[in-house]
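Q: Work the whole structure out from these sequences, hints included.
As given, the protein sequences belong to chains S and F, one line each in that order. Residue 206 in this note's numbering sits at position 206 of the first sequence, with consecutive numbering throughout. Residue 71 in this note's numbering sits at position 71 of the second sequence, with consecutive numbering throughout.
No lab work stands behind these hints: they were computed from the structure. Be aware that one or more of the hints could be misleading.
Copies of the same chain look alike in the list, so a pair counts if it fits in one copy or across any two.
With a Cα cut of at most 25 Å, we get these calculated PhoX-like pairs of lysine-lysine [said to hold, decoys possible]:
#, residue 1, residue 2
1, K275, K173
2, K278, K173
3, K223, K201
4, K196, K15
5, K264, K173
6, K223, K196
7, K275, K20
8, K230, K201
9, K275, K264
10, K223, K264
11, K20, K126
12, K196, K53
13, K196, K230
Number of protein chains: 2
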Amino acid sequence: MQVCFGVDVGGTTVKIGLFKEDGTLLEKWEIPTRTEHQGEMIIPDIVQALNEKLSEKGISHADVTGVGIDIPAPVDKDGVVQQTANLGWGYKNVKQEMEEASGFKVKVANDADTAAVGEMWQGAGKGVSDLIMITLGTGVGAGIIVDGHSLTGKGGAAGEIGHFCVNYQETEKCGCGNRGCLEQYASATGITRMAKLRLEKENTPSTLRQGEVDSKTVWDAVKAGDILAKEVAEDFGRYLGHALANLAVVTDPEIIVIGGGVSKAGPIILDYIEKYYKERAFFANRDVRFMLAELGNDAGIIGAARLALDE
Amino acid sequence: MQVCFGVDVGGTTVKIGLFKEDGTLLEKWEIPTRTEHQGEMIIPDIVQALNEKLSEKGISHADVTGVGIDIPAPVDKDGVVQQTANLGWGYKNVKQEMEEASGFKVKVANDADTAAVGEMWQGAGKGVSDLIMITLGTGVGAGIIVDGHSLTGKGGAAGEIGHFCVNYQETEKCGCGNRGCLEQYASATGITRMAKLRLEKENTPSTLRQGEVDSKTVWDAVKAGDILAKEVAEDFGRYLGHALANLAVVTDPEIIVIGGGVSKAGPIILDYIEKYYKERAFFANRDVRFMLAELGNDAGIIGAARLALDE
Chain S
1 MQVCFGVDVG
11 GTTVKIGLFK
21 EDGTLLEKWE
31 IPTRTEHQGE
41 MIIPDIVQAL
51 NEKLSEKGIS
61 HADVTGVGID
71 IPAPVDKDGV
81 VQQTANLGWG
91 YKNVKQEMEE
101 ASGFKVKVAN
111 DADTAAVGEM
121 WQGAGKGVSD
131 LIMITLGTGV
141 GAGIIVDGHS
151 LTGKGGAAGE
161 IGHFCVNYQE
171 TEKCGCGNRG
181 CLEQYASATG
191 ITRMAKLRLE
201 KENTPSTLRQ
211 GEVDSKTVWD
221 AVKAGDILAK
231 EVAEDFGRYL
241 GHALANLAVV
251 TDPEIIVIGG
261 GVSKAGPIIL
271 DYIEKYYKER
281 AFFANRDVRF
291 MLAELGNDAG
301 IIGAARLALD
311 E
Chain F
1 MQVCFGVDVG
11 GTTVKIGLFK
21 EDGTLLEKWE
31 IPTRTEHQGE
41 MIIPDIVQAL
51 NEKLSEKGIS
61 HADVTGVGID
71 IPAPVDKDGV
81 VQQTANLGWG
91 YKNVKQEMEE
101 ASGFKVKVAN
111 DADTAAVGEM
121 WQGAGKGVSD
131 LIMITLGTGV
141 GAGIIVDGHS
151 LTGKGGAAGE
161 IGHFCVNYQE
171 TEKCGCGNRG
181 CLEQYASATG
191 ITRMAKLRLE
201 KENTPSTLRQ
211 GEVDSKTVWD
221 AVKAGDILAK
231 EVAEDFGRYL
241 GHALANLAVV
251 TDPEIIVIGG
261 GVSKAGPIIL
271 DYIEKYYKER
281 AFFANRDVRF
291 MLAELGNDAG
301 IIGAARLALD
311 E
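A: The following block contains the structure:
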């Protein structure tokens, strides 16, 4: 039996999945991400974890088709990262180091791109070859698949739509130095920011005036009918829906999948996004279907395993 | 010697090129596009023209590697068009009809996509695998190449960036029914429209108050230092430059090539575009190079010939 590994590298833990070639998950587990000393142990730790699992299962090296790894940073076509925000790595040829340390064939990709591949293989995008997956977390990421290929771009920065400008009148700066980036409105952080601004500037009564204000409490308030929270949701939907209408004329997707922490609020977020998407969509893109991501935290290992099987 | 044909179908003429496989153009010529009767003679006319050329040159059918055809309409992955604005065709399986009529292997693609492939093969984008080519003509089209692949999308509508919304405050309608589309500002028609609006609303003296107002006279006036024309150029540059900054975060290009009738004004248009692009570009996209298209009217036949050689 041929197997492959999908490895999802995060700032705190590395998730690993052992898969059959048909996509069946045989086992998954986690190891800590040791980011100290420029993350020098991350790759050796992964290699050790893979080898131990093979011994435990009595699977030979020759039966491993390959290893896919996703990284929370832009990854170029050669599997090289230039810098990472939370792994300790600067420049690193991840593919080459991992291949030399493990002896396996290795594919490396960006985490948002990999999640999109995972959803296309086993999740919301099954059977589709043109999709956009938006991950709404601390930031906003996108994995874009066109004609079955995940877009990488010159330096691996394709799909950085968190920095799509959606408001040329914005006065507050985004972390990237620009003003008006999508991330300032559609990420968990952005939703919290918008809610706090409204709480400060408006007198509307709101349950958000008591307790913690974050993406979760905002959506809970939306569901409970809170007027101020619903205004925040309209802003969220307008910025993201309009941005997606623009994105759709670029890549002509069949479906748009929404994932990440914010999507845990459920189908209600799709209502707000679709309303504004439809308002602005080009006629050729009007029948795009919106879906919530289905694979949750496993999207990374599943997408990475799929990449491992690619030629 | 193996040869291939590149066929560029326009509303008035069909341009045809006979190429060696290494890309050398052996001969090019034109035939009229007979659009009457739902364009029923367009494909037979092309087949006849190809066969006559082969006879004339003494080249056998077996020595033709393939035929690439570009069409001024969205073309899906199967070589099918749903409708055309100026060929008379409604739904047409161009690939299948052309293969059956000619006996050759046929590739069909959209004209803006094909021009981008041409520029990547022999023009401004030689050696580059990630580029965006913008065609500024009556409308605004784009051919987007990522990781060496031209983006098609679900129904062939990828790259329809003429309908990228760049101004949510616009009150005038675009031909597509939306308001604020890039085409309303950056096409030849859009430049003319903006100039006329300013001439009407403002008292600024301008040479444009005498004679014809069109994209050419506007750019001539810009070069002569006309204040009103320069304001139009700033608007053009701002809308297009900002849109390209947003497009760049989606596809991470190495170069952006500007072609089409408006680009005949020369390098001055790049100055206006780059100024606003740089103002808004995400840091990973700041070093994108801007270039004018180099192949002019031959981009279509060259790109189509390249497609004919693809597996």
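Q: Evaluate each hint against the coordinates.
A: Now for the hints, and whether the structure bears them out:
no.	hint	result
1	K275 to K173	between (27 Å within a copy, 20 Å between copies)
2	K278 to K173	between (29 Å within a copy, 17 Å between copies)
3	K223 to K201	within (22 Å within a copy, 48 Å between copies)
4	K196 to K15	neither (34 Å within a copy, 60 Å between copies)
5	K264 to K173	neither (27 Å within a copy, 38 Å between copies)
6	K223 to K196	within (18 Å within a copy, 49 Å between copies)
7	K275 to K20	neither (41 Å within a copy, 52 Å between copies)
8	K230 to K201	within (16 Å within a copy, 40 Å between copies)
9	K275 to K264	within (19 Å within a copy, 41 Å between copies)
10	K223 to K264	within (13 Å within a copy, 55 Å between copies)
11	K20 to K126	within (18 Å within a copy, 42 Å between copies)
12	K196 to K53	neither (47 Å within a copy, 72 Å between copies)
13	K196 to K230	within (13 Å within a copy, 42 Å between copies)
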